[in-house]
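*Asks:* Read off the chains here:
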Amino acid sequence: MTSSPLECDEVRDDLAEFALGLLSGRERARVLDHVVSCSTCRHEVESLTAVGDRLVTLAPSSDPPTDFETRVLERYRANAAAPRRGRGRELGLVAAALVLVAGATALVVRGPHAPAPVAGHDTPLSATLAADGHALGHLWVSASVPTWIYVSLDDASWSGTVWCSVTLRDGRTLDVGAFAVHHGHGAWAARVAATGREVREARITDVAGHVIATATVST
Amino acid sequence: MRSRTPALDHVADDALLAGVALGDDACVGAFVRRYQRRLFGLALTIVGDVGVAEDVTQEAFLRIVRHAAAYDVRRGAASTWALTITRHLAIDALRLRRAIPTAPDDQVFATLASPAPSPEDAATQSDDAAPAWLALAQLPQEQRRCVVLAVIYGRTAAEIAESESIPLGTAKSRLRLGLARLRDLVAQETS
Ligand SMILES: [Zn+2]
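Going down the list, the protein sequences come from chains A and B. All letters in the first sequence, in the order written, are residues 1 to 219 by my numbering. All letters in the second sequence, in the order written, are residues 220 to 410 by my numbering.
Calculated from the structure, these hints are not laboratory results. Every residue gets a Cβ at the ideal spot worked out from N, C-alpha and C, and that includes glycine. Treat the hints with care, since some could be wrong.
[Stated by the list, open to error] Computed footprint of chain A on chain B, listed as stretches where at least three residues anywhere in the stretch have a Cβ under 8 Å from a Cβ of chain A:
#, stretch
1, 233-242
2, 255-268
[As the list claims (entries may be wrong)] Part of the chain B face toward chain A, derived, beta carbon under 10 Å:
#, residue
3, Arg252
4, Ala272
5, Ser298
6, Thr299
7, Leu302
8, Arg306
9, Asp311
10, Ala354
11, Leu355
12, Pro359
13, Gln360
14, Val370
15, Ile385
16, Leu396
17, Ala399
18, Gln407
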């Protein structure tokens, strides 16, 4: 539903400031009231916000005070809640992957990257992640929509971040994301923008791009 | 504690953010190193005080880490996202302090709002900023000044009216016309 043009006239001159986050209190509330009910003005605000976001990149850079980085990281570590960073999340994903393999019709995984409940009777595709003939972990590709990839790594004897990408049958490569490996163990789930049947190969690399393991998915 | 990972300094922004989202210390450190000058520079430009700017920038980084999982690469560059978060926090801090901002007299404002910004100046901008710079340079100077004051310095139309000695209505319309013109220029450039 669109409001009357008269109301639009009343907020017109304030839309730019509103879009740039410069209005506060009653003025902001007044414009917001109109914008939520008027799609014309809402589009105007969205497009002006986008322009403002681009212009912010023009702001000058400046060296922060000495040891700024150290202070930020100290605050970050103090804030990082233990449960979020513990192994519970990984175990949850491993469990989820196993449940999926068992052909469950629904599954719920908790955690920051938890996929939405996946439902379906289709069997997921699975493959072994290996390097030089040694198995390092396992890969599952869900047959549901959206497609989820589950990976578990168990024999990469180090800690750090790994990157996962998949190669599709038509030759395209999609980045799946970056994932943490702790003391040789890591498990995660992520969405890929392809159907499960399109995935031909998954590749795990370290940050420098060296291949740690690959898995070939056969249908 | 893991040592610094130099390889991370060459990883793409969005991949690095994915590592940040997972709470990987090395990725968080690399992200802070990569963006601290830009985020602090923006915060300092808006609040005009080193101590407040540091508080704002620290808070911005913590928010970025907390919300990294929600960052969507399709909605814009990671740099823009990080700068936008910083800008909002800086504007909040500025309003809270109720300091009376004076007209900026720094070199940056002089360049951004100069009567005839040149395309050569675009070369001094960071990669992601060059197109915005070229578009901005095409605005009439009075609109450009208002846009820069509002977007980069976080000034309201009322504050701009005062520092530019123009009526409030004029400040509002210059801001609106300037931003709308920039939107059209950006649309042309991307189409
Ligand atoms: Zn309207």
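*Asks:* Decide, hint by hint, whether the structure agrees.
*Replies:* Each hint, compared with the structure:
1. For the stretch 233-242 of chain B, the stated coverage by chain A holds: 7 residues have a C-beta nearer than 8 Å to a C-beta of that chain, and at least 3 were required.
2. For the stretch 255-268 of chain B, the proposed coverage by chain A is satisfied: 8 residues have a C-beta within less than 8 Å of a C-beta in that chain, meeting the threshold of three.
3. Among the interface hints, the one on B/Arg252 holds; its C-beta lies about 6 Å from the nearest C-beta in chain A, closer than the 10 Å criterion.
4. Among the interface hints, the one on B/Ala272 holds; its C-beta lies about 8 Å from the nearest C-beta in chain A, closer than the 10 Å criterion.
5. For B/Ser298, the shortest C-beta to C-beta distance to chain A is roughly 6 Å, which falls under 10 Å, so the interface hint holds.
6. Contact between B/Thr299 and chain A, as hinted, is supported at the beta carbon level, the nearest pair being about 5 Å apart and thus within 10 Å.
7. At its closest, the beta carbon of B/Leu302 sits 5 Å from a beta carbon of chain A; the interface hint therefore holds under the 10 Å criterion.
8. Given hint, B/Arg306 at the interface with chain A, holds; its Cβ is 5 Å from that chain's nearest Cβ, closer than 10 Å.
9. Interface hint at B/Asp311: satisfied, since its Cβ lies 9 Å from the closest Cβ of chain A, which is below the 10 Å cut-off.
10. Hint status for B/Ala354 relative to chain A: holds, with the closest Cβ pair at about 8 Å, below 10 Å.
11. Interface hint at B/Leu355: satisfied, since its Cβ lies 7 Å from the closest Cβ of chain A, which is below the 10 Å cut-off.
12. A hinted interface residue such as B/Pro359 counts as satisfied when its beta carbon comes closer than 10 Å to some beta carbon of chain A; here the least separation is about 16 Å, so the hint is violated.
13. For B/Gln360, the interface hint is violated, the least distance from its beta-carbon to any beta-carbon of chain A being 16 Å, above 10 Å.
14. Below 10 Å, beta-carbon pairs count as interface contacts, and B/Val370 has one with chain A at about 5 Å; its hint therefore holds.
15. For B/Ile385, the interface hint is violated, the least distance from its beta-carbon to any beta-carbon of chain A being 14 Å, above 10 Å.
16. Proximity of B/Leu396 to chain A holds as hinted, the smallest CB-CB distance being about 9 Å (cut-off 10 Å).
17. Restraint check, B/Ala399 versus chain A: the minimum CB separation of about 7 Å is within 10 Å; hint holds.
18. With a least beta-carbon distance of about 13 Å to chain A, the hint placing B/Gln407 at the interface is violated under the 10 Å criterion.
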